[in-house]
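A.B. asks: Fit chain P to the given chain B structure using the hints.
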Amino acid sequence: MAAPQAVDYDTLIPNNVGLSKDKRVLKALEKWHPGYISWWNDLIPKQFQESLVYLRTAVSVDPKGWARFDYVKMPEYRWGVLLAPEVEGRTVPCGEFAGEPAWQEVPGEHRATLRRLLVIQGDTEPASVEQQRHLGMTAPSLYDMRNLFQVNVEEGRHLWAMVYLLQKYFGRDGREEADDLLRRQSGSDEAPRMLGAFNESTPDWLSFFMFTYFTDRDGKMQLESLAQSGFDPLSRTCRFMLTEEAHHMFVGETGVGRVVQRTCEAMREAGIDDPYDIDRIRALGVIDLPTIQKKLNLHYSLSLDLFGAEVSTNAANAFNAGIKGRYQEVRLEDDHKLHGDTYPVVQIEDGKVVLKDMPALSAINMRLRDDYVKDASGGIKRWNAAIAKTGIEFSLALPHQGFHRQIGVFSDSHMTPDGDFISADEWSARAGDWLPSTADRDYIESLMVPEFTPGKYASWIAPPRVGIDNQPGDFEYVQLHMA
Amino acid sequence: MAQRIEFNTSPGNYRHWRVEYDGNVATVFMQVDESAGLFDGYELKLNSYDLGVDIELADVVQRMRFEHPEVRAVVMRSGRERVFCAGANIRMLSGASHQHKVNFCKFTNETRNTLEAAADDSGQMWVCAVQGACAGGGYELALACNYILLADDSNSSVALPEVPLLAVLPGTGGLTRLVDKRGVRRDLADAFCTVEEGVKGQRAVDWRLVDESVKNSQFEERLATVTAEFATAQVSRGDRSGIALDPVQRDIGEDGSLRYSCVSVEIERDKRLARISVQGPDTDAPADLDTLHREGQNTWMLRCVRELDDALLQLRFNEPEVGVLVFHTAGDAERVLAHETAMAGWRDSDWLANEVLLYWRRLLKRLDVSSRSLVALIEPGSCFAGMLAEIALAADRSYIAEGEFDEMPGPEAALQLSALNLAGLEMGHGLTRLQNRFYADAPSLDAAEAAVGVPLDAGRADELGLVTWALDDIDWEDEVRVFLEERTSFSPDALTGMEANLRFVGPETMETRIFARLSAWQNWIFQRPSAAGEHGALQRYGTGVRGDYTAERV
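So the sequence lines, in the order shown, correspond to chains B and P.
Residue 201 is where the first sequence starts when you use the working numbering, and the numbers rise one by one after that.
Residue 289 is where the second sequence starts when you use the working numbering, and the numbers rise one by one after that.
If you're looking for bench data, these hints aren't it; they were derived computationally from the structure.
There's no promise every hint is true.
[To be verified] Far from chain B, by Cβ distances over 10 Å, these chain P residues were calculated:
| hint | residue |
| --- | --- |
| 1 | E542 |
| 2 | P668 |
| 3 | D729 |
| 4 | V833 |
| 5 | R834 |
[Claimed, not checked] As a list, the in silico DSSO-like pairs of lysine-lysine whose alpha-carbon atoms are at most 27 Å apart:
| hint | chain 1 | residue 1 | chain 2 | residue 2 |
| --- | --- | --- | --- | --- |
| 6 | B | K552 | P | K333 |
| 7 | B | K574 | B | K589 |
| 8 | B | K231 | P | K503 |
| 9 | B | K231 | B | K368 |
| 10 | B | K556 | P | K333 |
[Claimed, not checked] Here are the computed distance ranges between Cβ atoms for each label pair:
| hint | chain 1 | residue 1 | chain 2 | residue 2 | range |
| --- | --- | --- | --- | --- | --- |
| 11 | P | R510 | B | Q247 | 37 to 45 Å |
| 12 | P | R510 | B | S611 | 52 to 60 Å |
| 13 | B | P544 | P | L790 | 41 to 49 Å |
| 14 | P | R368 | B | G371 | 30 to 38 Å |
| 15 | B | G632 | P | E509 | 48 to 56 Å |
| 16 | B | K273 | P | R510 | 40 to 48 Å |
| 17 | P | F317 | B | Q247 | 43 to 51 Å |
| 18 | B | P234 | P | S298 | 55 to 63 Å |
| 19 | P | N789 | B | P544 | 30 to 38 Å |
| 20 | P | E509 | B | G387 | 14 to 22 Å |
| 21 | P | F317 | B | Y476 | 39 to 47 Å |
| 22 | P | R368 | B | V649 | 37 to 45 Å |
| 23 | P | R368 | B | G387 | 16 to 24 Å |
| 24 | P | D636 | B | G387 | 52 to 60 Å |
Since we're looking at a predicted model, the values are computed, not measured.
In this text, a Cβ means the ideal position worked out from N, Cα and C, and glycines have one as well.
Isolated chain B (complex conformation) (with noise of 0.2 Å):
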């Protein structure tokens, strides 16, 4: 059965999956659906969920034209259900089932594996709304407000998403860990999220940028690898969320690099050219260069960790029931099984890195993130490209994998950004040298001051190259509701 391309409206849930026709489904996401909006409700400050915001909503999950521009006030938003169209002939891609169709029913030998990695990716989506709940009293512009509200309603559908799934295909278990993602909270003691990084607060705008750029990069790689699943509504809605993941990198890189980019320029105006003449930069209100390093270093470590041990049992059960395949799996050329192959990975060995083969299969992890690696470097070139083209003398790096790492071989050692390894000693005598120090987060936070007005940016951040759907300079992409 081809998915119908058309996304229902007429039920309180868009889809394109046939909802009104699944009645048991559709029942049990409306009875859910109070929740998630008093969750909504709870967590975004009064006057936003009033305000006029310019929304993308997607109407179609075709590649070309599937979003539509539009104010809308946040409650309003269409969360719906939607999976990208379903691939002819599809098969398992990786695995003990490689080549064999791919399942449109869950196997009942997978059930408890695949939802629980539902259930941690269901996870995250929620909780990054949480952690950047504060932001938009701090925002730097309407642009960039009106962004992360975009961002937080596609987590929101994210979590749709997930539920959706949960819902449709695992039952009254499967309801009960829907109830449950919308019970646990980012950073409570009660009943924290289920992943570190997703505790951790996101405190002040670079942070939310610093985010968007890694730990949704991290985000983005695990949807890479679940939508190679066997389970095709799995691979399906995880091809659809990766559609609109992207635009939370774009929102990340481009972040960044404006901070980056008004600090060079602020240095220039002043005629500094040291980049670690910090109070004098820090004096025209612009975050210096070796801050944002700090910050990288920070946001980097936190998101490496999210990829778990580099050797991973779990992982390797995964792959090898062909639940979550690799990066770009279907282009990779072997045999998709990986018995016998083997993988680099690195260990410490008489206090030395060394990378030593081990088995493909147990090394998923590990390969995950050196593929993100390799796409989160894309982003500091660019970065340091903007740099060099203003003349300053210095460029923006990623510390070494074994810094500031609390999961996986390095988390019990020590390690300089450039890979050194310390004592516990010197690591505390020296890591404020390398991460945010509370007199450098201080600073940040006093310069979070809200610029509401059209077409206005605060100090320290500069205008977007284009507009958002390439609206001119002074739109108004929030219309505030400052009651």
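C.D. replies: Just chain P, lined up with the frame of chain B:
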């Protein structure tokens, strides 16, 4: 795995546990050192455990009783964030010999049994505080506690994932504690055992898997309240403070022989047997409680039981091919009884006397579940009296020397029963060894029980059915030799099965069911290709490739 396994440990040497004492409450933190596995080839990730971790826990439980009798409630919790305990380490299991796996499970169950009995026996109540994942043997640890508190944070769960994940029997003690102790309904238990990620929150309470599910914000407070309630509800036996337990002193000979202060073990390797000799007390019984406490760990009854316990564990783990344990005693039976009588007289009012007797009961239980043939040789000059007579009753065969022997000087051999043989040293299924021996024979039981207090020579012991054979000096040497040679010639497996079946007669308790089911099912599954074969789940674990299962149902 040829290295010698050591059971002597002390808090200063712990790698995996930490204990904090606060008045009558102790907190035991499990914080397994990943890199400190007993053998090479695996890391103890996520608070998973191997025998080494359990040896320390056994030491913790034991010391709690002797060194900290003031403790009335014990909290067991994880010293790691977001994980309670992931259970037995799978890579350790897949690398271990069958023999080691079986003995590992047996030892961990003995530890859990003693922990479990701590409330009734010693007035120490264990409360398990579960935050994070608690799976497999980790949940079995929780099951062994008297009360389970589970964090209600939608992350913490209890689970027995063995069937879907590893193709082995769930838990450490099979599923007995689940249905017998916690009373989990059988179909829900079935469902629970097939859900890899386990059960959380209110459902865990509804299914009786835990006692309470508590939000993290109230967790510490609730834990403190529960613990305090249990602490005040427990009776204490006197207010004398704890005694020190130093490591058991012994010399190990090159031939594997063991020499302690009042126990020695000689190994006759060609005959695959070990002779365990117990030397009776060389001093009078402590005159009063002050003396007993002053003697502390050096008082004969405690010294002897600790040494015997260590010897049994040494033989179990380090001498797997020694198939027959031959028990000898030497000394003054009256003195043995004097020590024992004094201790029994003080047990209700003094914690130490009580603990020493409980320790003897545990030791004898360890003997009951031994996979070796147990033989008692009651010779001239021996002192099989009271709790030492109980060794003869625990044996699969007992031989008493009749009359005088030229080559064995000393008083004529005799067996002597005491009040302790009638109550206080019960087996795992709740019967005394006399009741077990004469299960369907009330007159014989009555006659044996009536014989308490007088030395029973060979003729009398034989008449009462307390020994297998009474042999005079003409037959003794040859009969015993032939018996031992015959025993060695039989299939060790067949003997282990036969003996285990005959040792326990009549009723079952949770404790005996645990060992019986463990032996029958877990040890069987551990042999089958689905779990242990070259392509079985244990070997395949971690590779990502599923185990190949044999389709036939046996």
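A.B. asks: Does each hint hold? Answer for all of them.
C.D. replies: Each hint tested on the structure:
| no. | hint | result |
| --- | --- | --- |
| 1 | E542 | holds, 36 Å |
| 2 | P668 | holds, 62 Å |
| 3 | D729 | holds, 53 Å |
| 4 | V833 | violated, 5 Å |
| 5 | R834 | violated, 7 Å |
| 6 | K552(B) with K333(P) | holds, 22 Å |
| 7 | K574(B) with K589(B) | holds, 23 Å |
| 8 | K231(B) with K503(P) | holds, 25 Å |
| 9 | K231(B) with K368(B) | holds, 13 Å |
| 10 | K556(B) with K333(P) | holds, 20 Å |
| 11 | R510(P) with Q247(B): 37 to 45 Å | holds, 39 Å |
| 12 | R510(P) with S611(B): 52 to 60 Å | violated, 32 Å |
| 13 | P544(B) with L790(P): 41 to 49 Å | violated, 58 Å |
| 14 | R368(P) with G371(B): 30 to 38 Å | holds, 33 Å |
| 15 | G632(B) with E509(P): 48 to 56 Å | violated, 36 Å |
| 16 | K273(B) with R510(P): 40 to 48 Å | holds, 42 Å |
| 17 | F317(P) with Q247(B): 43 to 51 Å | holds, 48 Å |
| 18 | P234(B) with S298(P): 55 to 63 Å | holds, 59 Å |
| 19 | N789(P) with P544(B): 30 to 38 Å | violated, 55 Å |
| 20 | E509(P) with G387(B): 14 to 22 Å | holds, 21 Å |
| 21 | F317(P) with Y476(B): 39 to 47 Å | holds, 45 Å |
| 22 | R368(P) with V649(B): 37 to 45 Å | holds, 42 Å |
| 23 | R368(P) with G387(B): 16 to 24 Å | holds, 20 Å |
| 24 | D636(P) with G387(B): 52 to 60 Å | holds, 54 Å |
The structure fails hints 4, 5, 12, 13, 15 and 19 (numbered hints given earlier, in ascending order).
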